[in-house]
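Undergrad: Spelled out from the first residue to the last, the chains are:
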Amino acid sequence: MNLEVSIAGLRLKNPVMTASGTFGYGLEYAELLDLSDLGAIIVKGLSVKPAKGNPPPRIWETPCGMLNSIGLQNIGITAFVQDKLPLLRQYDTLIIVNFFGDTIDDFVQGAGMLSDASGIHALELNVSCPNKQAGWSAFGTNPAILAEVVGQVRKVTTLPLIVKLSPNVTDIVEMARVAAGAGADALSLINTLTGMAIDIETKQPRLSNVVGGLSGPAIKPVAVRMLWQVHRALPSIPLIGMGGIMTAEDAIEFLLAGASAVAIGTANFVDPQTALKVIHGIEQYLVRKHVDDVNGLVGGVIC
Amino acid sequence: MNLEVSIAGLRLKNPVMTASGTFGYGLEYAELLDLSDLGAIIVKGLSVKPAKGNPPPRIWETPCGMLNSIGLQNIGITAFVQDKLPLLRQYDTLIIVNFFGDTIDDFVQGAGMLSDASGIHALELNVSCPNKQAGWSAFGTNPAILAEVVGQVRKVTTLPLIVKLSPNVTDIVEMARVAAGAGADALSLINTLTGMAIDIETKQPRLSNVVGGLSGPAIKPVAVRMLWQVHRALPSIPLIGMGGIMTAEDAIEFLLAGASAVAIGTANFVDPQTALKVIHGIEQYLVRKHVDDVNGLVGGVIC
Amino acid sequence: MSRQFKAKVISNTRLNDGVFLLVLRPLSETFTPYPGQFYMIGQSGATLKDPLLKRPFSCMDYKDGLLYLLIKVRGKLTAILRDYTAGNVLELIGPLGNGFPAVGSNERLIVAAGGIGIASVLMLMKAYPQAVLFYGVRSDSDLFVDILPKRAEVYITSDDGTVGLKGSVLQMLKQYLSSATDDVKLYACGPHTMTEQLCRMFSERGRRCRVSSETSMDVLPKIDAYVSIEERMACGVATCLGCTVDTVNGYRLVCKDGPVFNVNDVILPQT
Amino acid sequence: MSRQFKAKVISNTRLNDGVFLLVLRPLSETFTPYPGQFYMIGQSGATLKDPLLKRPFSCMDYKDGLLYLLIKVRGKLTAILRDYTAGNVLELIGPLGNGFPAVGSNERLIVAAGGIGIASVLMLMKAYPQAVLFYGVRSDSDLFVDILPKRAEVYITSDDGTVGLKGSVLQMLKQYLSSATDDVKLYACGPHTMTEQLCRMFSERGRRCRVSSETSMDVLPKIDAYVSIEERMACGVATCLGCTVDTVNGYRLVCKDGPVFNVNDVILPQT
Ligand SMILES: Cc1cc2nc3c(=O)[nH]c(=O)nc-3n(C[C@H](O)[C@H](O)[C@H](O)COP(=O)(O)OP(=O)(O)OC[C@H]3O[C@@H](n4cnc5c(N)ncnc54)[C@H](O)[C@@H]3O)c2cc1C
Ligand SMILES: Cc1cc2nc3c(=O)[nH]c(=O)nc-3n(C[C@H](O)[C@H](O)[C@H](O)COP(=O)(O)OP(=O)(O)OC[C@H]3O[C@@H](n4cnc5c(N)ncnc54)[C@H](O)[C@@H]3O)c2cc1C
Ligand SMILES: Cc1cc2nc3c(=O)[nH]c(=O)nc-3n(C[C@H](O)[C@H](O)[C@H](O)COP(=O)(O)O)c2cc1C
Ligand SMILES: Cc1cc2nc3c(=O)[nH]c(=O)nc-3n(C[C@H](O)[C@H](O)[C@H](O)COP(=O)(O)O)c2cc1C
Ligand code: FES
Ligand code: FES
Chain A
1 MNLEVSIAGL
11 RLKNPVMTAS
21 GTFGYGLEYA
31 ELLDLSDLGA
41 IIVKGLSVKP
51 AKGNPPPRIW
61 ETPCGMLNSI
71 GLQNIGITAF
81 VQDKLPLLRQ
91 YDTLIIVNFF
101 GDTIDDFVQG
111 AGMLSDASGI
121 HALELNVSCP
131 NKQAGWSAFG
141 TNPAILAEVV
151 GQVRKVTTLP
161 LIVKLSPNVT
171 DIVEMARVAA
181 GAGADALSLI
191 NTLTGMAIDI
201 ETKQPRLSNV
211 VGGLSGPAIK
221 PVAVRMLWQV
231 HRALPSIPLI
241 GMGGIMTAED
251 AIEFLLAGAS
261 AVAIGTANFV
271 DPQTALKVIH
281 GIEQYLVRKH
291 VDDVNGLVGG
301 VIC
Chain B
304 MNLEVSIAGL
314 RLKNPVMTAS
324 GTFGYGLEYA
334 ELLDLSDLGA
344 IIVKGLSVKP
354 AKGNPPPRIW
364 ETPCGMLNSI
374 GLQNIGITAF
384 VQDKLPLLRQ
394 YDTLIIVNFF
404 GDTIDDFVQG
414 AGMLSDASGI
424 HALELNVSCP
434 NKQAGWSAFG
444 TNPAILAEVV
454 GQVRKVTTLP
464 LIVKLSPNVT
474 DIVEMARVAA
484 GAGADALSLI
494 NTLTGMAIDI
504 ETKQPRLSNV
514 VGGLSGPAIK
524 PVAVRMLWQV
534 HRALPSIPLI
544 GMGGIMTAED
554 AIEFLLAGAS
564 AVAIGTANFV
574 DPQTALKVIH
584 GIEQYLVRKH
594 VDDVNGLVGG
604 VIC
Chain C
607 MSRQFKAKVI
617 SNTRLNDGVF
627 LLVLRPLSET
637 FTPYPGQFYM
647 IGQSGATLKD
657 PLLKRPFSCM
667 DYKDGLLYLL
677 IKVRGKLTAI
687 LRDYTAGNVL
697 ELIGPLGNGF
707 PAVGSNERLI
717 VAAGGIGIAS
727 VLMLMKAYPQ
737 AVLFYGVRSD
747 SDLFVDILPK
757 RAEVYITSDD
767 GTVGLKGSVL
777 QMLKQYLSSA
787 TDDVKLYACG
797 PHTMTEQLCR
807 MFSERGRRCR
817 VSSETSMDVL
827 PKIDAYVSIE
837 ERMACGVATC
847 LGCTVDTVNG
857 YRLVCKDGPV
867 FNVNDVILPQ
877 T
Chain D
878 MSRQFKAKVI
888 SNTRLNDGVF
898 LLVLRPLSET
908 FTPYPGQFYM
918 IGQSGATLKD
928 PLLKRPFSCM
938 DYKDGLLYLL
948 IKVRGKLTAI
958 LRDYTAGNVL
968 ELIGPLGNGF
978 PAVGSNERLI
988 VAAGGIGIAS
998 VLMLMKAYPQ
1008 AVLFYGVRSD
1018 SDLFVDILPK
1028 RAEVYITSDD
1038 GTVGLKGSVL
1048 QMLKQYLSSA
1058 TDDVKLYACG
1068 PHTMTEQLCR
1078 MFSERGRRCR
1088 VSSETSMDVL
1098 PKIDAYVSIE
1108 ERMACGVATC
1118 LGCTVDTVNG
1128 YRLVCKDGPV
1138 FNVNDVILPQ
1148 T
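Residue numbers (our numbering), protein chains in the order written: chain A, 1 to 303; chain B, 304 to 606; chain C, 607 to 877; chain D, 878 to 1148.
Simulated from the structure, these hints should not be mistaken for laboratory data.
A portion of the hints provided could be inaccurate.
Dumping the calculated BS3-like pairs for lysine-lysine here, alpha-carbon to alpha-carbon at most 25 angstroms [to be verified]:
#, chain 1, residue 1, chain 2, residue 2
1, D, Lys953, A, Lys203
2, A, Lys289, B, Lys506
3, B, Lys580, C, Lys614
4, A, Lys277, D, Lys885
5, C, Lys612, B, Lys580
6, D, Lys1133, A, Lys84
7, A, Lys49, D, Lys1133
8, B, Lys580, D, Lys953
9, A, Lys289, C, Lys682
10, B, Lys355, C, Lys862
11, C, Lys682, D, Lys885
12, D, Lys1133, A, Lys52
13, B, Lys592, D, Lys953
14, B, Lys506, A, Lys277
15, B, Lys592, A, Lys203
16, D, Lys953, C, Lys682
17, C, Lys682, D, Lys883
18, C, Lys862, B, Lys352
Take a look, some chain D residues computed to stay more than 12 angstroms from chain A by CB distance [claimed, not checked]:
#, residue
19, Gly942
20, Tyr945
21, Asn965
22, Val980
23, Arg1015
24, Phe1021
25, Val1031
26, Asp1036
27, Ser1056
28, Thr1058
29, Val1061
30, Ile1100
Ideal Cβ placement from N, Cα and C applies to all residues, glycine included.
Bound-form chain A, shown alone:
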């Protein structure tokens, strides 16, 4: 049976990755599972300079989901490349680095630094964090700005370039088309939906940043829909599906909707073994359905 998939020129031993920001720099979970079993690890979003992130409280659980306003806290690209990457490289899995900038120049500089490092297999461009300062969201919601940032980054890197789309848009297909047109080799979707919760006792927002990103099973129907829409409109660009995947059944839904691979996010917190269980469950499903190649599922929804 074949579980191997290709995305943007990468060959993944299986279609299951861990989503950025939910698996640290990977190493934190090395004690609990064999990282080499994963299709790929997408590390926490990095920036040129280390970032402090937002003040606490930063998380709040909502019905079947969670809000986070981490605000892209990270150790910076230099520290990652020096301290984490050499350790990560020892595992037999692909390393995808999620990164962002505050300005287009920042994005370009970051992409350049990451491209110079060795042992990084692909870049995931994050234009879709709901926790940054006002105005930043334009990278992920304004088509012209999206085209600009993707195009500029494309020029400075030969690594496979994945663009991670924001779901907080009217027309996800348009954003996908723009990103693909500007040079993305693959797309990740979805990032978190912008949400908010209020403590009615103190009348204060549950997050110090007021708004945060909603993730987890609650958003899965929105994620599956967007993935299906983009796949239908742009069948040739590979998609990495994510948003609320807890089980193999959830992952298969994304594959059928058109994802070539999936990423496990919030579920890692609930159960760090989720990715492995999902890989195993996909395998069992293939056996049960007499399908001998996981690629046979991709886009297989009948409608």
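Please arrange chains B, C and D with the ligands on chain A, whose structure you already have, making use of the hints.
TA: Just chains B, C and D with the ligands now, kept in the frame of chain A:
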């Protein structure tokens, strides 16, 4: 203690309504609760001609939410005015009629017919159903078309006009501004998020219409966020908040975020007493917090 | 008296791996259910939101103020209910729906049940002791005869032959009917495939279209056939408009216009 | 041996209206916890998604291979756990965090616990039998003395005076310390307000800023004070970056760098 609120010139005995499409034409629940206890009833979306809606299956439960693709099945304005309205009028509550059209002319004709009927207290213009044919969503997502439909309807009715906004947009504040500018007296938000689910055994979508509207607690964080954004940007337009309200605590979150009233949707299915429990719970909260007017909560979030 | 009430679990008996019998005592006065009616049932206490919606379950029996439900584990809620024990409290709305129409004095009542469908026809069997039951199960362990009225005339089939005759309950029913002479009222409840086949066999259209077909019933006296239809439900009380079934009279709601429909009315989806 | 494991409920004892003692038997080999460490705990079986995330609970005790948790009902998960009975299975990750640093041989250990905070200091009390405990509760019924080591030196206060001295445990502690002469190591765990006050009282900065203030402790010998900090957690293992606490060294994670922090390091939010 005062529970009365005013919205768009209407005086509601309390700020709790039932949301369109989740309470039928009101009468179905008359056996289970006293409709006169409600602040208002917003009836199922009506159109000039009766509409058949989408083929089954039409609903699917998702984590802490549900997808529906009813497709605005309704008995038509004429039948409603003749058969339902006379019965509904007997209750001491406000009747708000949610309506829609397939074309702008349809919207205008419907608004005209409803304005001629007696016993309707306000209209809720529905431009935000995710279950209509392709292209229809432009009413709720394209600012120019939204302005046009609201403006045209405004011309033919002197009833208070509430515009119900779609959450499937990049910039909810812009849509709110456009609707207000075109003559809306109040805004309802949010309608459902567009979602999808797939049965991995049959590989078919769970809904025959493929996509449907996601409602219930899952979407509450998105709804609270949008409501807060609109209230902050346009503090003078009254807002009716909805999306996942199950308890008084949820309702109070919306009031603090800036809603002048709330509507109970999916929760009616779970427990038809929800609206009454929410009214009671708001009362208890006011007592506990020593607030003697519910209007004192509106927009009270501290941030 | 309200159609919305809470009920306390009196007992929960595991009948096989997946099926259990739940006996409930309503905590307030309730309406008496008719055969074929159902209840919307959910967990009590709105603090937990998964599963969110209530689910429909047939009233299997109602006696001495106790409500009997026969439930098969299918997903989220049924898995939770399986683990309920005496003292747990549930929320219900019901009885709902139309139930089976009355049987005429000149008619012979024949009942067909497939698998867990037995839950919806038991009250009917008790109301009409002369009724004949055709009861099909997958296997021995899926057969629940203890719950049936003692004197009932029952014909049993199983898919694997471990109990009763091996084969389809509808084939046996057809054979039985081919020798029948008086007018028959047929009530059936079972899995989707059974309902579908039944509609094909007994509807006027079915008979017209398939005069020569193996499954058609063109030789018989008058058979007035009804099936209980399953569709996903959110409200159970005709407000969500979710539980649509297509009929010759247009879309109808399973919760309000059904769950029992005349086979002549139902238009089954093409598959 | 893994830090992720399942455990079966051996017993669940209700100690008062809102507090219960859960005894668990890990179903696989686990690491031995240090005083002050915690576990992330969630329901077993990922089919139900509300509550979604695991929650942190201190290891109250660990003996004979059994894990003891003292839990107070606060919201969704704790309400579910309260109703757990012998045989229920939970999923855990742990032991996690740094726990309390070791006590020097020339130091006197003083422990302060407020309410349910007692759960996090009990192992410490057992490890250092000479330790003195200051234990503040709201009321009589919140006091759990049976779980304490028999010979421990304990000073009790209650808000309403129903047990021990009426008043604040920190006031009593302060009074006690004002007559102390040797070096003191202070470990504390309690509600947010207590933690905060403690940081104010015992941090270098606190002492500097408030030499004249009522709550400052400027008269004492060396007091090396540590508090256990609570923050919302999603992962417990430093991957979500959710459990931030501000310190003089920048943001730190409660799950990895804590939950125990030196009072000199913590920067409390202004409120
Ligand atoms: C009028 C009526 C009477 C019924 N009577 C009984 C009965 O007496 N005993 C019994 O065991 N079952 C009965 N059912 C079926 C029962 O409603 C479903 O088994 C139940 O809803 C499954 O809930 P769940 O949370 O366990 O499954 P879910 O987790 O919701 O879903 C599991 C599977 O069950 C299917 N399902 C979900 N909801 C429904 C629904 N409303 N109708 C049909 N299929 C559904 C889904 O398609 C899914 O594949 C009846 C259904 C109807 C419509
Ligand atoms: C290191 C650590 C050790 C702890 N040890 C214990 C213990 O031994 N015994 C005990 O009873 N409790 C302990 N707590 C607190 C416990 O984690 C919370 O009571 C629990 O998370 C509440 O879960 P819930 O689902 O019942 O409440 P929820 O429904 O999640 O929320 C109810 C309320 O609890 C608060 N809350 C939720 N999560 C947390 C959290 N992670 N930390 C603090 N407050 C929270 C929320 O702000 C909310 O107001 C500890 C917390 C931490 C951080
Ligand atoms: C705590 C947290 C931190 C995250 N950080 C990042 C990040 O740094 N970069 C990024 O692109 N996405 C980030 N995400 C988004 C996830 O990668 C993922 O797209 C999203 O959570 C939806 O998937 P899920 O529902 O499975 O979690 C973060 C999500 C969470 C919950
Ligand atoms: C079954 C169903 C039918 C609905 N029909 C309508 C409708 O006819 N018109 C409309 O404006 N909104 C309709 N809605 C949207 C609700 O009024 C409400 O805006 C939405 O469900 C969010 O609230 P909730 O999460 O509390 O359900 C419908 C929602 C559901 C679940
Ligand atoms: S279940 Fe809602 S209309 Fe039938
Ligand atoms: S709980 Fe996730 S980083 Fe501490």
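Undergrad: Are all beta-carbon distances from valine 1031 of chain D to chain A longer than 12 angstroms?
TA: 33 angstroms, holds
Undergrad: Quickly compare the C-alpha distance for lysine 682 of chain C and lysine 883 of chain D to 25 angstroms and report which way the hint goes.
TA: 22 angstroms, holds
Undergrad: Holds or violated: is the Cβ of asparagine 965 of chain D farther than 12 angstroms from all Cβ atoms of chain A?
TA: 17 angstroms, holds
Undergrad: Regarding the assertion that valine 1061 of chain D does not contact chain A, is the least Cβ-Cβ distance greater than 12 angstroms?
TA: 30 angstroms, holds
Undergrad: Between lysine 1133 of chain D and lysine 84 of chain A, does the CA-CA distance stay at or below 25 angstroms?
TA: Judged against 25 angstroms, a Cα distance of about 17 angstroms means the pair holds.
Undergrad: Measure nothing beyond the straight line between the CA atoms of lysine 355 of chain B and lysine 862 of chain C; if it is 25 angstroms or shorter, mark the hint as holding.
TA: OK: lysine 355 of chain B and lysine 862 of chain C at ~16 angstroms, within 25 angstroms.
Undergrad: Next pair to validate is lysine 953 of chain D with lysine 203 of chain A; report whether the Cα-Cα distance is within 25 angstroms.
TA: Cα-Cα ~21 angstroms, so holds.
Undergrad: Checking one constraint from the list: CA of lysine 49 of chain A to CA of lysine 1133 of chain D, max 25 angstroms. Satisfied?
TA: 23 angstroms, holds
Undergrad: A cut-off of 12 angstroms on Cβ-Cβ distance, and isoleucine 1100 of chain D was said to be off the interface with chain A. Does that hold?
TA: The assertion about isoleucine 1100 of chain D holds, with a minimum of 27 angstroms to chain A.
Undergrad: Below or equal to 25 angstroms on CA atoms is what counts here, so check lysine 592 of chain B against lysine 203 of chain A.
TA: Roughly 11 angstroms separates the two Cα atoms, so the pair holds.
Undergrad: For lysine 289 of chain A and lysine 506 of chain B, compute the direct alpha-carbon distance and say whether it is at most 25 angstroms.
TA: 11 angstroms, holds
Undergrad: Run the distance test for lysine 682 of chain C versus lysine 885 of chain D: straight-line Cα separation, threshold 25 angstroms.
TA: 22 angstroms, holds
Of the numbered hints given earlier, the model fails none.
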